Amino acid sequence: MIYIGKREIVTMVRVQEILLNQIRRPLPRQNDPNKVQALMESIREIGQQEPIDVIEVDGQYYGFSGCHRYEACQRLGKETILARVRKAPKSVLMKHLA
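My numbering numbers the first residue of the sequence shown as 1 and each following residue consecutively.
These aren't lab readings, by the way, just hints derived from the structure by calculation. None of these values were measured; they are calculated from a predicted model. C-beta atoms are modelled at their ideal positions from N, C-alpha and C, and glycine is treated no differently. Hints may contain errors.
What the hints assert, rightly or not - Derived EDC-like pairs (lysine to aspartate or glutamate); straight-line CA-CA distance at most 16 Å:
#1 K78 / E41
#2 K35 / E50
#3 K95 / E56
#4 K78 / E45
#5 K78 / E17
#6 K90 / D58
#7 K87 / D58
#8 K35 / E71
#9 K90 / E56
#10 K87 / E41
#11 K87 / D53
Claimed, not checked - Quick list of the computed label-pair ranges, beta carbon to beta carbon:
#12 L97 / E41: 13 to 23 Å
#13 P89 / N34: 18 to 28 Å
#14 R24 / R75: 17 to 27 Å
#15 H96 / Q74: 37 to 47 Å
Using the sequences and the accompanying hints, generate a full structural model.
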């Protein structure tokens with residue numbers, strides 16, 4: 001973690017497989033069914049190509065983007081999803097929830 005003045009900057013990004021049931025999605029999302037279906041077909045044929053973005057706060061994962069990929073993997077019965085993980089302090093999580 002890097003601090004610039006009073007601002008906290010999120011650092012350390014890694015890409016890893018995460019269990020879908022470990023990702024909290026605190027904000028409601030509107031999914032386009034056609035996009036989810038297209039992603040399901042793509043993931044079935046060639047696998048997940050682009051990781052979703054999650055933040056890790058105190059060992060918990062929170063997803064705020066990648067809702068179509070998340071839904072597609074869920075519907076395909078996948079247990080894990082490829083995710084770009086950024087460790088962050090609770091203050092960053094609170095900004096996402098504001």
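Results for each hint:
As the CA atoms of K78 and E41 are separated by approximately 13 Å, the hinted pair is consistent with the 16 Å bound. Between K35 and E50 the CA atoms are separated by roughly 15 Å; this keeps the pair inside 16 Å, and the hint holds. Under the criterion of a C-alpha separation no larger than 16 Å, the hint pairing K95 with E56 is consistent with the structure, at around 14 Å. Distance hint between K78 and E45 is fulfilled; the C-alpha atoms sit about 14 Å from each other, no more than 16 Å.
Using a Cα cut-off of 16 Å, the hinted pair K78 and E17 holds, with the two alpha carbons roughly 11 Å apart. Using a Cα cut-off of 16 Å, the hinted pair K90 and D58 holds, with the two alpha carbons roughly 8 Å apart. Distance restraint check for K87 and D58: the Cα-Cα separation of roughly 9 Å lies within the 16 Å cut-off, and the hinted pair is therefore satisfied. Taking the CA atoms of K35 and E71, the gap is near 10 Å; set against the 16 Å cutoff, the hint holds.
Straight-line distance between C-alpha atoms of K90 and E56 comes to about 9 Å, which keeps the hinted pair within the 16 Å bound. With a C-alpha separation of about 31 Å, the suggested pair K87 and E41 falls outside the 16 Å cut-off, and the hint is violated. As the CA atoms of K87 and D53 are separated by approximately 11 Å, the hinted pair is consistent with the 16 Å bound. Between L97 and E41 the beta carbon distance is about 33 Å. The supplied range of 13 to 23 Å is therefore violated.
Between P89 and N34 the beta carbon distance is about 38 Å. The supplied range of 18 to 28 Å is therefore violated. Checked against the given bound of 17 to 27 Å, the beta carbons of R24 and R75, roughly 19 Å apart, stay inside it. Range check, H96 to Q74: about 21 Å between beta-carbon atoms, so the 37 to 47 Å window is missed.
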